[in-house]
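So you can see what is in the structure, the chains are spelled out below.
Protein chains: 2
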Amino acid sequence: MNEIKDKSIAVFLDELASKAATPGGGSAAAVMGAQSAALTSMVCNLTIGKPKYAEVETDMQALLDKSEALRAKLTEMIKADVEVFDQLMTCYGLPKESDEEKAARSEQIQAALKEATIVPLDCAKACAEAIRLSRIAADKGNLGVISDAGVAVMAGYAALKSAALNVYINAGSLKDRDFADAKLAELESILQGADIASEEIYQLVKEKL
Amino acid sequence: MNEIKDKSIAVFLDELASKAATPGGGSAAAVMGAQSAALTSMVCNLTIGKPKYAEVETDMQALLDKSEALRAKLTEMIKADVEVFDQLMTCYGLPKESDEEKAARSEQIQAALKEATIVPLDCAKACAEAIRLSRIAADKGNLGVISDAGVAVMAGYAALKSAALNVYINAGSLKDRDFADAKLAELESILQGADIASEEIYQLVKEKL
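Chains A and B are the protein sequences, given in the same order. Just so we're aligned: the first sequence equals residues 1 to 209 in my numbering. Just so we're aligned: the second sequence equals residues 1 to 209 in my numbering.
It is possible that some hints are incorrect.
In silico DSS-like links for lysine-lysine, alpha-carbon gap of 30 Å or less [claimed, not checked]:
| no. | chain 1 | residue 1 | chain 2 | residue 2 |
| --- | --- | --- | --- | --- |
| 1 | B | Lys96 | A | Lys52 |
| 2 | A | Lys19 | B | Lys7 |
| 3 | A | Lys66 | A | Lys208 |
| 4 | B | Lys19 | A | Lys50 |
| 5 | B | Lys96 | A | Lys79 |
| 6 | A | Lys50 | B | Lys102 |
| 7 | A | Lys79 | B | Lys208 |
Since the hints were made in silico from the structure, they are not lab data.
Using the sequences provided together with the hints, build the complete structure.
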């Protein structure tokens with residue numbers, strides 16, 4: 001099967017809308033996060049080399065390196081969501097006749113649920129980073145394309161809040177409450193202040209238009 | 001040239017990140033809006049036909065019809081942003097030697113700017129509709145996929161706020177202030193309450209997880 005990122009946007013949207021369980025919200029979150037990083041890169045690419053912005057050239061080059069690495073990471077995450085979901089479904093389908101089978105099945109489901117908690121948590125982390133990077137683009141980027149930094153922050157914010165939902169669901173089904181609580185606490189610290197930061201960055205862009 | 005929607009996600013992200021002026025934030029907004037509508041459709045498709053949700057079957061079928069029509073419209077808008085930008089650039093490139101040329105160029109730029117104001121305004125309208133549709137999915141959809149309604153609302157919200165930025169930019173450059181003010185007033189009425197509505201829908205989903 002083709003990787004999702006190699007499918008056309010139209011086909012991805014068709015599959016998202018369909019009754020197939022994947023791709024779903026987790027992949028959509030990663031796509032939005034990747035769009036956020038891409039737009040920060042765009043602002044960098046349209047700032048670097050312009051004499052008017054020579055003063056921020058070094059900063060924009062450093063930002064571009066980070067946003068491109070982040071874009072690669074988030075693009076990989078588009079399929080990660082599908083993989084953990086499929087793994088979870090495989091575990092739910094394991095035989096559950098004997099007590100041994102039941103115990104083995106439950107153990108494997110719990111292991112898959114841990115993975116299905118970590119994957120969107122990693123996505124949330126990357127999206128919080130995308131928001132931070134968009135602030136630098138909004139702050140120092142070429143004014144002619146500054147609105148793209150505003151789209152970058154909104155895409156990153158939507159992606160972060162979307163990934164968070166998948167952490168809540170899967171952490172909620174975990175029996176290992178210490179693990180679940182640790183991951184939920186980590187998520188809360190990632191979400192902390194993201195609302196305000198995103199609104200600030202959006203307003204910063206709006207004032208520059 | 002291939003239409004953007006027929007390009008792979010990876011290629012779209014590459015082009016978004018590049019120093020080419022298009023595709024930019026306007027296309028990214030339409031992609032997010034289309035993802036929002038697609039996820040509402042997904043919730044419908046995974047609710048319709050389930051005996052447990054027989055009571056909402058008619059509502060979900062009606063919702064699906066609307067979300068699929070909206071998805072088609074937003075998917076078309078991915079390229080609309082590129083087209084109006086290219087048109088505007090063509091007008092800026094017109095000769096401006098003689099007074100006649102200057103006048104003709106200015107007139108064509110202003111006409112293109114009007115179009116470049118209307119296109120993102122239409123996108124904002126469609127995104128506000130995507131938010132409204134996501135509320136029905138969050139309210140009545142299959143609890144097993146309700147998180148996808150939460151991603152739908154965030155994607156729609158980010159798309160709406162992103163499209164708004166392009167309306168601000170282009171309306172700001174218009175000489176016909178009556179036209180510009182009318183379009184900006186229309187935008188404000190579309191944005192009115194979208195923040196609160198989106199947060200409410202997100203919380204509704206979160207409480208159901």
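Outcome of the hint check:
no., hint, verdict
1, B:Lys96 - A:Lys52, "25 Å, holds"
2, A:Lys19 - B:Lys7, "23 Å, holds"
3, A:Lys66 - A:Lys208, "24 Å, holds"
4, B:Lys19 - A:Lys50, "12 Å, holds"
5, B:Lys96 - A:Lys79, "51 Å, violated"
6, A:Lys50 - B:Lys102, "27 Å, holds"
7, A:Lys79 - B:Lys208, "26 Å, holds"
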